[in-house]
Amino acid sequence: MNFQGYRRPDGRAGTRNHVLVIPSVGCSQGTAQAIAQGLKGAVYLPNISGCGQVGEDRTLVKKTLVGFGTNPNVFAVLVVGNGCEQLSPEEIEKGIVPTGKRVKVIVIQEVGGTKKTVALGKRIVKEMCEEAARLIREPIPLSDLILGTECGGSDYTSGLASNPAVGAACDLLVAEGGTVILSETPELIGAEHLLAKRARTPEMGNQVLDAVAWWESKAMVSGEDIRKANPAPGNIAGGITTLEEKSLGCIYKAGTSPLEEVITYASHPTRKGLVFMDTPAHDIEQLTGMVAGGVQIVVFTTGRGNPLGTPIAPVIKITGNRDTYHKMRDNIDIDVDKVLQGKETVTEAGKRIFEEVISVASGKITKAEKLGQRDFCIFKMNINI
Amino acid sequence: MGSKIKVIVINEKDNVAIALKPLNAGTKVSVKVQGRIEKMKLLSDIPMGHKFALRDMEEEGAVIKYGEPIGQSTAKISRGEHVHIHNLVSQPRGRSR
Numbered sequence: 001m002n003f004q005g006y007r008r009p010d011g012r013a014g015t016r017n018h019v020l021v022i023p024s025v026g027c028s029q030g031t032a033q034a035i036a037q038g039l040k041g042a043v044y045l046p047n048i049s050g051c052g053q054v055g056e057d058r059t060l061v062k063k064t065l066v067g068f069g070t071n072p073n074v075f076a077v078l079v080v081g082n083g084c085e086q087l088s089p090e091e092i093e094k095g096i097v098p099t100g101k102r103v104k105v106i107v108i109q110e111v112g113g114t115k116k117t118v119a120l121g122k123r124i125v126k127e128m129c130e131e132a133a134r135l136i137r138e139p140i141p142l143s144d145l146i147l148g149t150e151c152g153g154s155d156y157t158s159g160l161a162s163n164p165a166v167g168a169a170c171d172l173l174v175a176e177g178g179t180v181i182l183s184e185t186p187e188l189i190g191a192e193h194l195l196a197k198r199a200r201t202p203e204m205g206n207q208v209l210d211a212v213a214w215w216e217s218k219a220m221v222s223g224e225d226i227r228k229a230n231p232a233p234g235n236i237a238g239g240i241t242t243l244e245e246k247s248l249g250c251i252y253k254a255g256t257s258p259l260e261e262v263i264t265y266a267s268h269p270t271r272k273g274l275v276f277m278d279t280p281a282h283d284i285e286q287l288t289g290m291v292a293g294g295v296q297i298v299v300f301t302t303g304r305g306n307p308l309g310t311p312i313a314p315v316i317k318i319t320g321n322r323d324t325y326h327k328m329r330d331n332i333d334i335d336v337d338k339v340l341q342g343k344e345t346v347t348e349a350g351k352r353i354f355e356e357v358i359s360v361a362s363g364k365i366t367k368a369e370k371l372g373q374r375d376f377c378i379f380k381m382n383i384n385i
Numbered sequence: 001m002g003s004k005i006k007v008i009v010i011n012e013k014d015n016v017a018i019a020l021k022p023l024n025a026g027t028k029v030s031v032k033v034q035g036r037i038e039k040m041k042l043l044s045d046i047p048m049g050h051k052f053a054l055r056d057m058e059e060e061g062a063v064i065k066y067g068e069p070i071g072q073s074t075a076k077i078s079r080g081e082h083v084h085i086h087n088l089v090s091q092p093r094g095r096s097r
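Protein chains in written order, with my numbering: chain A, 1 to 385; chain B, 1 to 97.
I should point out that these hints are in silico values taken from the structure, not numbers from a laboratory.
Ideal Cβ placement from N, Cα and C applies to all residues, glycine included.
Honestly, I wouldn't trust all of these hints.
[Unchecked claim] Subject to a maximum C-alpha distance of 25 Å in a straight line, what follows is the list of computed SDA-like cross-link-like pairs (lysine to any residue):
(1) A/Lys338 with B/Lys6
(2) A/Lys343 with B/Pro22
(3) B/Lys32 with A/Val346
(4) A/Lys197 with B/Gln91
[Claimed, not checked] Quick list of simulated restraints, FRET-style, between CB atoms:
(5) B/Lys41 with A/Asp323: 42 to 52 Å
(6) B/Lys32 with A/Thr347: 17 to 27 Å
(7) B/Ser30 with A/Pro139: 25 to 35 Å
(8) B/Asn24 with A/Glu138: 54 to 64 Å
(9) A/Glu127 with B/Gly67: 50 to 60 Å
(10) A/Glu138 with B/Glu38: 51 to 61 Å
(11) A/Arg200 with B/Thr27: 39 to 49 Å
(12) B/Gly67 with A/Gly83: 54 to 64 Å
(13) A/Lys343 with B/Lys76: 56 to 66 Å
(14) A/Arg123 with B/Ile8: 57 to 67 Å
(15) B/Gly67 with A/Thr345: 16 to 26 Å
Produce the complete structure using the sequences and hints provided.
What follows is the structure, encoded as structure tokens:
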């Protein structure tokens, strides 16, 4: 089966055709925003990092920014630097060049102030947007799709309806040769043994268990019991008592496929099928990591309701909570509450979600896109220096 | 009204059921457990989406939902009683590999 997408010079395919303005440092964020503002087809990345991160954090920032630039949902990139930052805009550019897409750098200190940089940036981006608009969608096999999964604002309906239905949709995509990313390591606690059992090799199963152990010990070192911070108050009001309970409901959304690979934050999968990315449970950091890893589309389940989106990948919101659907219709794309009423099977709901994934991949605009939700936050391990 | 599903048991190993609507203490519910319909009376008010015990549980017993342990009881729990943060906690460390 196919979706209608944009083929890129590196062979990958996009579900969107954005021109992306990347501030290589927080200092150029405002300028980058001003450049993209009002230009149809252009989006900017609300990045505040790029200076002050050292060691592994610097690596993560660079990897994430480069990952957004190389993501196939992006047609061309303008990197906006300030001029004295630790992570130079040229480093970002260098990471994007191998994809064969157009990438340019402008630097505020060199151009001479914000106004001149905005004017120059707008000229460049406008031209990129005009070029992007000439590209047309073509049939792309679903095997080229990497679908990200996420659940935020879970309640009892998440584990009963929306996550199992998304899981059924994921199984359909994997059957088509596509890729599905499951993540949110801290929300695997209590269910990690089930995922580990599905790993292709015992070593990979251990990678899953090690990832969970890392998060638990990291939290312990900071004096926090992860199980006291999660579930959140809204989860508890919604009927979820313990983290294990939340996790067991969570992993349904990955379907039943064997686990093919375990990857680190913002890394690209090298295998198709179900892949686990080790990320925080923080929704925006998690979404950011998956999109940097090449995800072109996201399915996001919620019980209590959630407005989040990403700057370049469409996010489809799914709820099994009827009240939430009716209260937050401007945020939620799909309602699967009939599963709870026994009027629709999980398989049927999963097929509906799968069809929506194909429609959205082919250009249908999601609620989060309509609302202009462009949430972005890079995972950091340590303090800024 | 009577035909509408009020409660659900996810897995046959589970010792808790979920209320699909708010249910008052004293409500009689029919629960399908391991293919059999069991009738029972709720001992507490159960908010929508919350759990109640399908059978009596000892203190420090495993609470099972989705066919897997979701934590342990901190008190004796009677059949039909609300199971939530007042009588259920996360399991301590030591999950085996």
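Hints, verified against the model:
A C-alpha spacing of about 14 Å is found between A/Lys338 and B/Lys6, which places the hinted pair at or below 25 Å, so the restraint holds. In summary, the hint linking A/Lys343 to B/Pro22 is supported, as the alpha carbons are separated by about 20 Å, within the 25 Å threshold. Of the pairs offered as hints, the one joining B/Lys32 and A/Val346 holds, with about 19 Å between alpha carbons and a cut-off of 25 Å not exceeded. For the hint linking A/Lys197 to B/Gln91, the alpha-carbon distance of about 20 Å falls within 25 Å, and the restraint holds.
A beta carbon spacing of about 27 Å between B/Lys41 and A/Asp323 contradicts the range 42 to 52 Å that was offered as a hint. One distance hint, 17 to 27 Å for the beta-carbon pair B/Lys32 and A/Thr347, holds here, with the actual separation near 20 Å. Look at B/Ser30 against A/Pro139: about 51 Å separates their beta carbons, and that is not inside 25 to 35 Å. Hint check: B/Asn24 to A/Glu138, Cβ distance near 59 Å, so the stated range 54 to 64 Å holds.
A beta carbon spacing of about 58 Å between A/Glu127 and B/Gly67 agrees with the range 50 to 60 Å that was offered as a hint. As the Cβ distance of A/Glu138 to B/Glu38 is approximately 57 Å, the hint placing it in 51 to 61 Å holds. At about 48 Å, the beta-carbon gap between A/Arg200 and B/Thr27 stays in the expected band of 39 to 49 Å. For B/Gly67 and A/Gly83, the hinted distance range of 54 to 64 Å is satisfied, since their beta carbons lie about 58 Å from each other.
A hinted range of 56 to 66 Å for the beta carbons of A/Lys343 and B/Lys76 is inconsistent with their spacing of about 38 Å. For the pair A/Arg123 and B/Ile8, the beta carbons lie near 60 Å from each other, so the given range of 57 to 67 Å is met. One distance hint, 16 to 26 Å for the beta-carbon pair B/Gly67 and A/Thr345, holds here, with the actual separation near 19 Å.
Checked against the numbered hints above, the structure violates hints 5, 7 and 13; every other hint is satisfied.
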